[in-house]
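From just these sequences and the hints, can you work out the full model?
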Amino acid sequence: MARPDAAGHFGPYGGRYVPETLVPALDELTAAWEEARRDPVFQAELQELLTRYAGRPTPLGEARRMSAEVGGCRVLLKREDLCHTGAHKVNNTLGQVLLARRMGKKRIIAETGAGQHGVATATAAALFGLPCDVYMGALDVERQALNVFRMQLLGARVVPVEAGSRTLKDAMNEAIRDWVTNVGDTHYIIGSVAGPHPYPALVRDLQRVIGDEARRQVQEHAGRLPDAVVACVGGGSNAMGIFTAFVGDPAVKLVGVEAAGHGLSTGRHGAALAKGRPGVLHGSKSYLLQDADGQIAEAHSISAGLDYPGVGPELSFLKDQGRLTLMQATDDEALDALQYLARTEGIIPALESAHAVAAARKVARKLGSGGLVIVNVSGRGDKDVEQVRRALAERAAVPGPRKAAGRPPRPPARRASATRTARRSK
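Numbering (the working numbering), first residue to last: 3 to 428.
Keep in mind that the hints were calculated from the coordinates and are not lab data. Honestly, I wouldn't trust all of these hints.
[To be verified] In silico BS3-like pairs for lysine-lysine, Cα to Cα no more than 25 Å straight-line:
1. 368 with 321
2. 255 with 108
3. 277 with 321
4. 364 with 321
5. 277 with 255
6. 364 with 255
7. 364 with 277
8. 255 with 321
Okay, here's the thing in structure tokens:
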């Protein structure tokens, strides 16, 4: 696994662009993590929490009907939606709360977009009896009301942020301001592989359990490595979590799926890698959505977790190295994919994960029979159900033809002829 350099750079990306007030806290966190990741006592406690509390390992299961529908390519789903709290986010928050306790911090803060990181942070803080404030864009508070209530039930205070676009970017701004003011006793749990050094590497290290498990499981299940690993990309924690275990295998294609929103040509999307350029945001350098004057442009996605104008610096580096294959899924494609997986496999994914499912169907069709694809289902869709219901109602009210949601394939007949199988795959 590649480490960043001593200043936290992945090639030209990453680093620290922060007020001097935060430098001692970041140095303290860097030293604490370097010590903890080599400490068998810390690692044993973290592993015990991941197993007993978070529910790891999560299964890697075959999507049989989906595999048949895409032409025989085997599609395996890494079920992070089955983690405690409903997403991969808990892997990171348990590790960071253990670090906070190790550093003697008495208070936890976090930012959240879709709410899954906020719920996971509130959960870990409750487990260790630490007060917790979660900053959340006011727009995201509205569209993720269920997760707001869950955080409050867990004892966290949810702080709505009315500034800017009232989404994840603005929540992160407010969380950083809080941290600057209260850095002496407060630990800021960043939920993605973004932010100043050491967060991109720290969060990646805590999430790589996803990829380590998937690599072991696919070899047990299929006897070989996959042809492709597909994950959605917002900030990039679930993507780097699963990609890291396969980065050293050039035959395994790493497919990052960004939010195309209303379409890349509309400017209403969240595709920082595809349409952004290097700049500095939230303490590190990476690909960002910017206007002609270099100001941060607003992102858009139906998924609150992908509604962010930047991306983790290591993903920017992998893109420039040609190691990352980029794909995009629009809001409509994500809605269709969510319904498709629900009706085909009995799994309602988060809208974030639905972007990965939409792209994975295309990847699998291209590979065809004999192919093998892993899709990271990073979270479950309970939090999105009301938003999806409203979006589908709005689509139904729009006159004119719409692309039909993916109709699930019929279950494969026991003795389907080659002709019938070929017809279904078209």
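Against the structure, the hints:
Under the criterion of a C-alpha separation no larger than 25 Å, the hint pairing residue 368 with residue 321 is consistent with the structure, at around 22 Å. The hinted pair formed by residue 255 and residue 108 fails the criterion: a straight-line CA distance of about 43 Å is larger than 25 Å. Restraint check for residue 277 and residue 321: satisfied, since their Cα atoms lie roughly 12 Å apart, inside the 25 Å limit. A C-alpha spacing of about 20 Å is found between residue 364 and residue 321, which places the hinted pair at or below 25 Å, so the restraint holds.
A distance of roughly 21 Å separates the Cα atoms of residue 277 and residue 255; the hinted pair therefore holds under the 25 Å criterion. Proximity of residue 364 to residue 255 is assessed by CA-CA distance (about 14 Å); at most 25 Å being required, the pair is judged to hold. With a CA separation close to 21 Å, the supplied pair residue 364 and residue 277 stays within the 25 Å bound. Between residue 255 and residue 321 the CA atoms are separated by roughly 12 Å; this keeps the pair inside 25 Å, and the hint holds.
Going down the numbered hints, you'll see the structure goes against just number 2.
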